[in-house]
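2 protein chains.
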Amino acid sequence: MASKVRLYVDHPLGEGQTVPLGRDQANYLFAVMRLPVGTVLSLINGRDGEWDAEVVEANKRAGVLRCLAQTRPLQLPPDVWLLFAPIKKERTAFIVEKATELGAAKIIPVQTDFTQSANRARQDKLQAHAVEATEQCGGTFVPEVEPLRTLANMLADWPSDRHLLFCDETLLEDPHEMADLPDGPWAIVIGPEGGFSNTEREALRNHRQSHPISLGPRILRADTAAVAALTLWQREKGDWA
Amino acid sequence: MASKVRLYVDHPLGEGQTVPLGRDQANYLFAVMRLPVGTVLSLINGRDGEWDAEVVEANKRAGVLRCLAQTRPLQLPPDVWLLFAPIKKERTAFIVEKATELGAAKIIPVQTDFTQSANRARQDKLQAHAVEATEQCGGTFVPEVEPLRTLANMLADWPSDRHLLFCDETLLEDPHEMADLPDGPWAIVIGPEGGFSNTEREALRNHRQSHPISLGPRILRADTAAVAALTLWQREKGDWA
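If you read the sequences in order, they're chains V and Z. Numbering-wise (our numbering), the first sequence opens with residue 1364 and increments by one. Numbering-wise (our numbering), the second sequence opens with residue 1364 and increments by one.
Isolated chain V (complex conformation) (with noise of 0.2 Å):
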């Protein structure tokens, strides 16, 4: 018993709308899985839900889907991003599919002073994990990916509403229990490998809308601290309650 297809498209979804499907997608589904004209199989775009969409064209080239019916609405995730340094390759795109699968609104990665250079991660491809993640974990939608921008712009440039959840690995107890934490916009942030600097993390203590966090005793590596920090927002703050 195979399970749908999933698949995530870059075009709208809705009842009888017709999707044309570029060379990869068409040769996966086609060449690759070898799916028949009639096929039913699952649609994302992000924005329209799930749809179930049939096959109408099959070639290994291109094809043709058409939307049936909305089989899930678009499920929005609460307003959290996740601000994270870049690491190695595998571990920051890691990070990606896990903030994907948990549920954060949107992903920044940081350029921090301890941030290696050659961690820079290509945007697209990060997205490109994010859009991966989406169609694996059964969600509707894909949170963006931005460009990376230094950690001190964009505490300089912070909106006004959104509070700060920093997870301090500095702090070995908690100075607050997450319920007591606001309502409101959030945004997490994570340190990289060898934490933050002193005046980045002065800063970032000082800042009017910051909430430090402790993450426990033991040293985590940056990838488990942004799964286990999203996890308690989502549970305390998030759609988790």
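Among the clues, some could well be false.
Copies of the same chain are indistinguishable here, so a pair counts whether it falls within one copy or spans any two.
Simulated pairs of lysine-lysine, DSS-like, Cα-Cα distance not exceeding 30 Å [said to hold, decoys possible]: (1) Lys1451 - Lys1488; (2) Lys1451 - Lys1367; (3) Lys1469 - Lys1488.
If you are wondering where the hints come from, they were derived from the structure by calculation, not from laboratory data. From a predicted model like this one, the values you see are computed outputs, not experimental measurements.
We have chain V already, so just place chain Z on it with the hints.
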């Protein structure tokens, strides 16, 4: 400014104790990293805490270290086991790494009805991942990775004092607050990709010591679920409190 090398050895550590190195470690330290005699590094063995030790003999095939002073005592994690169904090789290694970082006391791979048999990871390889993660995360305790057992066998022979945190992927809302869970030894159970079979789910739900929890409205991969569940448990019942 290089950070100090941190090395696991299977040898007693204590003041003045000499520690012979095997060929692989000697090669790494003296041929690859080119550490000279007199270099001070950190040793752990999972039992005696963390020790500063200096290099007293260095050649590519062997070497000797001598312990100087203890830098950290042994810090045991809380008594929580992680039971998980092996998934693809890379992600299984990842689960072992994350469970070590997040302070699991024991890691137990379990065969479930939907576990792919191709995913039987070698115990010695998984144990090596736990050692490496301990070296990296600054820990002094290495969780034991047990041999693969079937979930049915484990449940039939379940220790009468150990609670079971059952991460039920079919639950969208949580039946209880984490804070209300009882004290005592715990185990966290994560399902395979594809979830538990109906028989397993019933057995887990009806188990006398079982406490089901939800991990939110999105489908999480098994590796994400492991990190999320350990985080929630550590924060409420473990040593993050």
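30 Å Cα threshold - placement of Lys1488 relative to Lys1451: both (14 Å within a copy, 22 Å between copies)
Identical-chain pair category, Lys1451 with Lys1367, by Cα at 30 Å: Close across copies (21 Å), not inside one copy (33 Å); limit 30 Å.
Up to 30 Å CA-CA - Lys1488 versus Lys1469, copy category: within (15 Å within a copy, 36 Å between copies)
The structure agrees with every numbered hint stated previously.
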